[in-house]
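Residue strings, one per chain:
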Amino acid sequence: MADKENKKECAIVSWQELQCGALVKDLKRIKENKTGAWRSMRPVFYKEKCINCYRCWMFCPDSAIKIENDKVVGIDYDYCKGCGICAQECPKKVQAIVMVKEEK
Amino acid sequence: MILAKTGNEALAFAMKQINPDVVAAYPITPSTEIVQIFSSYVADGLVDTEFVAVESEHSAMSACIAAAASGARAMTATSSQGLALMHEMLFIASGLRLPIVLCVVNRSLSSPLNIHCDHTDSLASRDSGWIQIFCEDAQEAYDSLICAVKIAESIFLPVMVTIDGFIISHCLQKIDVLSDEEVRSFVGEYKPNYNLLDVDNPITLGPACLPDSFFEHKRAQAEGMYQALAVIEKVFKEYEKRFARQLSILEEYQTADAEVGILCMGSTAGTAKVAVDNLRKKGHKVGLFKLRIFRPIAVKYLQRALKNIKILGILERMEGLSAFGGPLFNEVRSVLYDETKRPIVISYVYGLGGREITPEEIEEVFLELISLKNKRRKKIEKFRYINVR
Chain A
1 MADKENKKEC AIVSWQELQC GALVKDLKRI KENKTGAWRS MRPVFYKEKC
51 INCYRCWMFC PDSAIKIEND KVVGIDYDYC KGCGICAQEC PKKVQAIVMV
101 KEEK
Chain B
1 MILAKTGNEA LAFAMKQINP DVVAAYPITP STEIVQIFSS YVADGLVDTE
51 FVAVESEHSA MSACIAAAAS GARAMTATSS QGLALMHEML FIASGLRLPI
101 VLCVVNRSLS SPLNIHCDHT DSLASRDSGW IQIFCEDAQE AYDSLICAVK
151 IAESIFLPVM VTIDGFIISH CLQKIDVLSD EEVRSFVGEY KPNYNLLDVD
201 NPITLGPACL PDSFFEHKRA QAEGMYQALA VIEKVFKEYE KRFARQLSIL
251 EEYQTADAEV GILCMGSTAG TAKVAVDNLR KKGHKVGLFK LRIFRPIAVK
301 YLQRALKNIK ILGILERMEG LSAFGGPLFN EVRSVLYDET KRPIVISYVY
351 GLGGREITPE EIEEVFLELI SLKNKRRKKI EKFRYINVR
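Sequence order for the protein chains is A and B.
With my numbering, the residue at position 16 of the first sequence is 16, and numbering never jumps.
With my numbering, the residue at position 389 of the second sequence is 389, and numbering never jumps.
Simulated from the structure, these hints should not be mistaken for laboratory data.
Take these hints with a grain of salt, some might be off.
Claimed, not checked - Calculated cross-link-like contacts (lysine to aspartate or glutamate; reagent style DMTMM-like; alpha-carbon spacing at most 20 Å):
{"hint": "1", "chain 1": "B", "residue 1": "K285", "chain 2": "B", "residue 2": "E319"}
{"hint": "2", "chain 1": "B", "residue 1": "K310", "chain 2": "B", "residue 2": "E216"}
{"hint": "3", "chain 1": "B", "residue 1": "K241", "chain 2": "B", "residue 2": "D257"}
{"hint": "4", "chain 1": "B", "residue 1": "K237", "chain 2": "B", "residue 2": "D198"}
{"hint": "5", "chain 1": "A", "residue 1": "K81", "chain 2": "A", "residue 2": "E102"}
{"hint": "6", "chain 1": "A", "residue 1": "K25", "chain 2": "B", "residue 2": "E259"}
{"hint": "7", "chain 1": "A", "residue 1": "K28", "chain 2": "B", "residue 2": "E363"}
{"hint": "8", "chain 1": "B", "residue 1": "K375", "chain 2": "B", "residue 2": "D212"}
{"hint": "9", "chain 1": "B", "residue 1": "K378", "chain 2": "B", "residue 2": "E259"}
{"hint": "10", "chain 1": "B", "residue 1": "K307", "chain 2": "B", "residue 2": "E361"}
{"hint": "11", "chain 1": "A", "residue 1": "K25", "chain 2": "B", "residue 2": "E252"}
{"hint": "12", "chain 1": "A", "residue 1": "K31", "chain 2": "B", "residue 2": "D200"}
{"hint": "13", "chain 1": "B", "residue 1": "K300", "chain 2": "B", "residue 2": "E251"}
{"hint": "14", "chain 1": "A", "residue 1": "K28", "chain 2": "B", "residue 2": "E252"}
{"hint": "15", "chain 1": "B", "residue 1": "K237", "chain 2": "B", "residue 2": "D176"}
{"hint": "16", "chain 1": "A", "residue 1": "K93", "chain 2": "A", "residue 2": "E32"}
{"hint": "17", "chain 1": "B", "residue 1": "K282", "chain 2": "B", "residue 2": "D198"}
{"hint": "18", "chain 1": "B", "residue 1": "K375", "chain 2": "B", "residue 2": "E360"}
{"hint": "19", "chain 1": "A", "residue 1": "K25", "chain 2": "B", "residue 2": "E361"}
{"hint": "20", "chain 1": "B", "residue 1": "K285", "chain 2": "B", "residue 2": "D200"}
{"hint": "21", "chain 1": "A", "residue 1": "K31", "chain 2": "B", "residue 2": "E240"}
{"hint": "22", "chain 1": "B", "residue 1": "K218", "chain 2": "A", "residue 2": "E17"}
{"hint": "23", "chain 1": "A", "residue 1": "K25", "chain 2": "B", "residue 2": "D212"}
{"hint": "24", "chain 1": "A", "residue 1": "K34", "chain 2": "A", "residue 2": "E17"}
{"hint": "25", "chain 1": "A", "residue 1": "K34", "chain 2": "B", "residue 2": "D257"}
{"hint": "26", "chain 1": "B", "residue 1": "K281", "chain 2": "B", "residue 2": "D212"}
{"hint": "27", "chain 1": "A", "residue 1": "K31", "chain 2": "B", "residue 2": "E361"}
{"hint": "28", "chain 1": "B", "residue 1": "K373", "chain 2": "B", "residue 2": "D212"}
{"hint": "29", "chain 1": "A", "residue 1": "K28", "chain 2": "B", "residue 2": "E364"}
The structure presented is a predicted model; accordingly, all values stated were derived computationally and were not measured.
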């Protein structure tokens with residue numbers, strides 16, 4: 001059903017109505033596009049080990065590290081693509097993020 | 001103000017006066033000097049430009065794309081293999097409608113290796129969605145680069161301005177330059193379509209467009225190119241009005257009563273003018289067409305100008321390797337297809353890898369064309385070469 005609506009929306013946009021330069025200003029549809037489905041490795045977050053240094057948050061290329069009340073609380077699996085940068089950047093002594101194989 | 005400048009120096013000087021926000025560049029012969037001189041302007045504090053020394057031409061164009069998408073006026077320069085390495089990014093710059101301006105110093109493409117002039121590099125980029133302006137000399141290059149910034153930013157298409165490697169890039173010439181204030185007031189301030197760094201108005205740039213939307217984006221981009229010639233015309237006219245310097249889209253030399261013509265691009269036009277003068281003295285009605293804008297194709301200009309020509313030789317500084325001539329020959333010939341009165345069109349490939357071309361050789365081409373003008377067009381060998389052993 002969602003796919004049908006998507007197709008309808010695209011079908012009515014002619015080339016004259018497009019933004020100049022292949023850009024999207026309405027980010028609603030982009031947000032609906034859950035790109036985390038591409039993941040083959042999954043970061044697992046251990047809250048009790050985390051020291052809230054924010055290295056994972058700083059380095060995550062997809063802004064998929066969730067922060068609440070200044071604390072790291074987990075990973076946004078809707079957008080995380082499993083690149084593993086967060087686990088790599090998490091200090092070796094801490095290891096609050098560990099990569100595991102994604103299971104469907 | 002009159003200055004003695006090589007083609008490269010003239011382009012670097014124009015860049016200084018334009019004062020772009022970002023120049024990202026990688027050196028390659030024969031264009032190196034442009035960014036080398038420009039980097040000394042940066043070091044001397046004469047420009048406000050952020051100069052990014054990158055590790056390849058692919059990165060140079062990538063950095064220009066990122067800068068332009070972030071609202072900066074971005075420029076660079078390259079030649080030959082460098083332009084070939086940029087090839088992938090050329091399409092991205094035009095697809096994102098980023099008005100980047102690129103100086104191309106024309107040089108052949110390997111293999112075999114050669115550092116001298118032919119037009120293979122920029123003509124091989126013909127379908128990348130960039131406006132292409134070919135220049136005869138340093139003066140034209142200086143004026144065209146200033147106009148290129150305004151053209152690019154008026155229609156949101158990237159523009160390359162080309163000069164012939166070594167022939168123009170390294171030869172000293174008297175050029176008349178404008179003042180910094182005149183150049184800066186002419187180009188004005190870059191008003192970007194969008195700004196990637198505007199965090200209050202986030203956008204997605206260059207998204208994945210599947211079969212349901214990609215086509216519309218390309219159609220919209222094509223419209224930019226359909227409209228580009230009118231924009232170029234307008235900018236050239238404004239430049240002429242303000243600074244009394246004429247820039248043409250298709251320059252005609254002694255064509256009013258000409259039956260036999262030659263069409264070419266770049267520095268060879270200067271050589272051909274001498275050949276035309278010599279033959280005119282002997283009473284031959286010959287004329288020259290210097291095509292300045294290769295992208296977009298100046299359809300109306302070509303059709304109008306070539307209306308009364310009986311036979312046209314197209315001097316092409318590229319071997320198209322198509323077994324049917326190069327792009328200049330094919331496109332100009334195609335433009336004439338719908339005309340009821342159209343000349344016989346013959347391809348003359350010349351000057352590959354910097355092989356010199358002389359007025360005498362061009363005179364011979366004219367005389368050959370005169371001898372062919374009354375022959376049946378189907379019977380004439382169309383693919384000819386100048387001065388190849």
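Structure-based check of each hint:
For a cut-off of 20 Å, the pair hint linking K285(B) to E319(B) is broken: about 29 Å separates their Cα positions. This hinted pair does not check out: K310(B) and E216(B) have alpha carbons roughly 41 Å apart, beyond 20 Å. Between K241(B) and D257(B), the direct Cα distance comes to roughly 29 Å. Violation of the 20 Å bound is thereby established for this hinted pair. In summary, the hint linking K237(B) to D198(B) is not supported, as the alpha carbons are separated by about 35 Å, beyond the 20 Å threshold.
As the CA atoms of K81(A) and E102(A) are separated by approximately 11 Å, the hinted pair is consistent with the 20 Å bound. For the suggested pair K25(A) and E259(B), the alpha carbons sit about 55 Å apart, so the restraint of at most 20 Å is broken. For the suggested pair K28(A) and E363(B), the alpha carbons sit about 66 Å apart, so the restraint of at most 20 Å is broken. Taking the CA atoms of K375(B) and D212(B), the gap is near 52 Å; set against the 20 Å cutoff, the hint is violated.
Straight-line distance between C-alpha atoms of K378(B) and E259(B) comes to about 19 Å, which keeps the hinted pair within the 20 Å bound. Restraint check for K307(B) and E361(B): the C-alpha separation of about 26 Å exceeds 20 Å, so the hint is violated. Taking the CA atoms of K25(A) and E252(B), the gap is near 46 Å; set against the 20 Å cutoff, the hint is violated. With a CA separation close to 16 Å, the supplied pair K31(A) and D200(B) stays within the 20 Å bound.
Restraint check for K300(B) and E251(B): the C-alpha separation of about 13 Å stays at or below 20 Å, so the hint holds. Proposed proximity of K28(A) and E252(B) is contradicted: the alpha carbons are some 54 Å apart, above 20 Å. Using a Cα cut-off of 20 Å, the hinted pair K237(B) and D176(B) holds, with the two alpha carbons roughly 18 Å apart. For the suggested pair K93(A) and E32(A), the alpha carbons sit about 37 Å apart, so the restraint of at most 20 Å is broken.
Proposed proximity of K282(B) and D198(B) is contradicted: the alpha carbons are some 66 Å apart, above 20 Å. Taking the CA atoms of K375(B) and E360(B), the gap is near 24 Å; set against the 20 Å cutoff, the hint is violated. About 57 Å separates the Cα atoms of K25(A) and E361(B), which puts this hinted pair outside 20 Å; it is violated. Between K285(B) and D200(B) the CA atoms are separated by roughly 65 Å; this puts the pair beyond 20 Å, and the hint is violated.
Restraint check for K31(A) and E240(B): the C-alpha separation of about 50 Å exceeds 20 Å, so the hint is violated. Taking the CA atoms of K218(B) and E17(A), the gap is about 13 Å. The hint holds against a cut of 20 Å. Only pairs whose Cα atoms come within 20 Å are accepted, and K25(A) paired with D212(B) is accepted, the gap being roughly 18 Å. Taking the CA atoms of K34(A) and E17(A), the gap is about 26 Å. The hint is violated against a cut of 20 Å.
Distance hint between K34(A) and D257(B) is unfulfilled; the C-alpha atoms sit about 68 Å from each other, more than 20 Å. Using a Cα cut-off of 20 Å, the hinted pair K281(B) and D212(B) is violated, with the two alpha carbons roughly 62 Å apart. Only pairs whose Cα atoms come within 20 Å are accepted, and K31(A) paired with E361(B) is rejected, the gap being roughly 65 Å. Of the supplied pair hints, the one linking K373(B) and D212(B) is violated, its CA atoms being roughly 51 Å apart against a limit of 20 Å.
This hinted pair does not check out: K28(A) and E364(B) have alpha carbons roughly 67 Å apart, beyond 20 Å.
In this structure, the earlier hints numbered 1, 2, 3, 4, 6, 7, 8, 10, 11, 14, 16, 17, 18, 19, 20, 21, 24, 25, 26, 27, 28 and 29 are contradicted, and the remaining ones agree with it.
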